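Heads up: the protein sequence lines correspond to chains A and B, in order. Quick note on our numbering: the first sequence kicks off at 1081 and runs consecutively. Quick note on our numbering: the second sequence kicks off at 397 and runs consecutively.
By construction, these hints were calculated from the structure, which means they are not laboratory data. Small disclaimer: the values here were computed from a predicted structure and weren't measured. Hints should not be assumed to be uniformly reliable.
[Claimed, not checked] DSS-like, lysine-lysine: derived pairs with alpha carbons at most 27 Å apart:
{"hint": "1", "chain 1": "A", "residue 1": "1137", "chain 2": "A", "residue 2": "1151"}
{"hint": "2", "chain 1": "B", "residue 1": "464", "chain 2": "B", "residue 2": "509"}
{"hint": "3", "chain 1": "B", "residue 1": "473", "chain 2": "B", "residue 2": "509"}
{"hint": "4", "chain 1": "B", "residue 1": "448", "chain 2": "B", "residue 2": "497"}
{"hint": "5", "chain 1": "A", "residue 1": "1089", "chain 2": "B", "residue 2": "497"}
{"hint": "6", "chain 1": "A", "residue 1": "1151", "chain 2": "B", "residue 2": "448"}
{"hint": "7", "chain 1": "A", "residue 1": "1089", "chain 2": "A", "residue 2": "1137"}
{"hint": "8", "chain 1": "B", "residue 1": "497", "chain 2": "A", "residue 2": "1137"}
{"hint": "9", "chain 1": "A", "residue 1": "1089", "chain 2": "A", "residue 2": "1151"}
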Amino acid sequence: NAGVTQTPKFQVLKTGQSMTLQCAQDMNHNSMYWYRQDPGMGLRLIYYSASEGTTDKGEVPNGYNVSRLNKREFSLRLESAAPSQTSVYFCASIRTGGSPLHFGNGTRLTVT
Amino acid sequence: GDSVTQMEGPVTLSEEAFLTINCTYTATGYPSLFWYVQYPGEGLQLLLKATKADDKGSNKGFEATYRKETTSFHLEKGSVQVSDSAVYFCALSVGSSNTGKLIFGQGTTLQVKP
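The whole structure should be built from the sequences, with the hints applied where relevant.
Okay, here's the thing in structure tokens:
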């Protein structure tokens, strides 16, 4: 049972480039989330999908888009990367009716 | 808005020392409170939780009590081990404990030396 799988693990982009972070879970969870983790700021919610076919903005959605491709997969896209988007990105999922929130191992993104 | 404040780190302790990591929160409504732990190179894992006032969450020797009067949820462990070295995050959810929409504190790094 792999849990939540994120790809890639590391990525370096130049300002203005685009990329998609992939996330898949095999626990049949309905809800999925994207967080970013920055030093001294904890984790902040970017976007979430409460169920297949729905997406909503979190605390820091600017500069990002998401796609809930199916129940398993939830991708995060940076259309035009900026240095302020240098961060560690975590995908997470939770089953309907209860915690815990299950996290992937993160994608470390550097934008130069 | 809702927020969580944790004590500044890093916290450095010797093995078998007593640990306290302070966490206070501001929230409208009645939040559920959580402690998550992040080991190096990994994602966060739930350590313990409490869903209402005076509840005590516990796991792996760690404990935290939901104190509504002081809006606190301090993490404690009586005797830390080197394997407890990690980053600890206090978090809250408002309205339901069954959501992944959490507000996190900034994290506290714990280093335990042999």
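Evaluated hints:
For the hint pairing residue 1137(A) with residue 1151(A), the CA-to-CA distance comes to about 18 Å; that is within 27 Å, so the pair holds. Straight-line distance between C-alpha atoms of residue 464(B) and residue 509(B) comes to about 34 Å, which puts the hinted pair past the 27 Å bound. Our distance criterion of 27 Å between C-alpha atoms is met by residue 473(B) and residue 509(B), whose separation comes to about 15 Å. Proximity of residue 448(B) to residue 497(B) is assessed by CA-CA distance (about 18 Å); at most 27 Å being required, the pair is judged to hold.
Of the supplied pair hints, the one linking residue 1089(A) and residue 497(B) holds, its CA atoms being roughly 23 Å apart against a limit of 27 Å. For the proposed pair residue 1151(A) and residue 448(B), the alpha carbon gap of about 31 Å is over 27 Å, so the pair is violated. A C-alpha spacing of about 24 Å is found between residue 1089(A) and residue 1137(A), which places the hinted pair at or below 27 Å, so the restraint holds. Restraint check for residue 497(B) and residue 1137(A): satisfied, since their Cα atoms lie roughly 11 Å apart, inside the 27 Å limit.
About 22 Å separates the Cα atoms of residue 1089(A) and residue 1151(A), which keeps this hinted pair within 27 Å; it holds.
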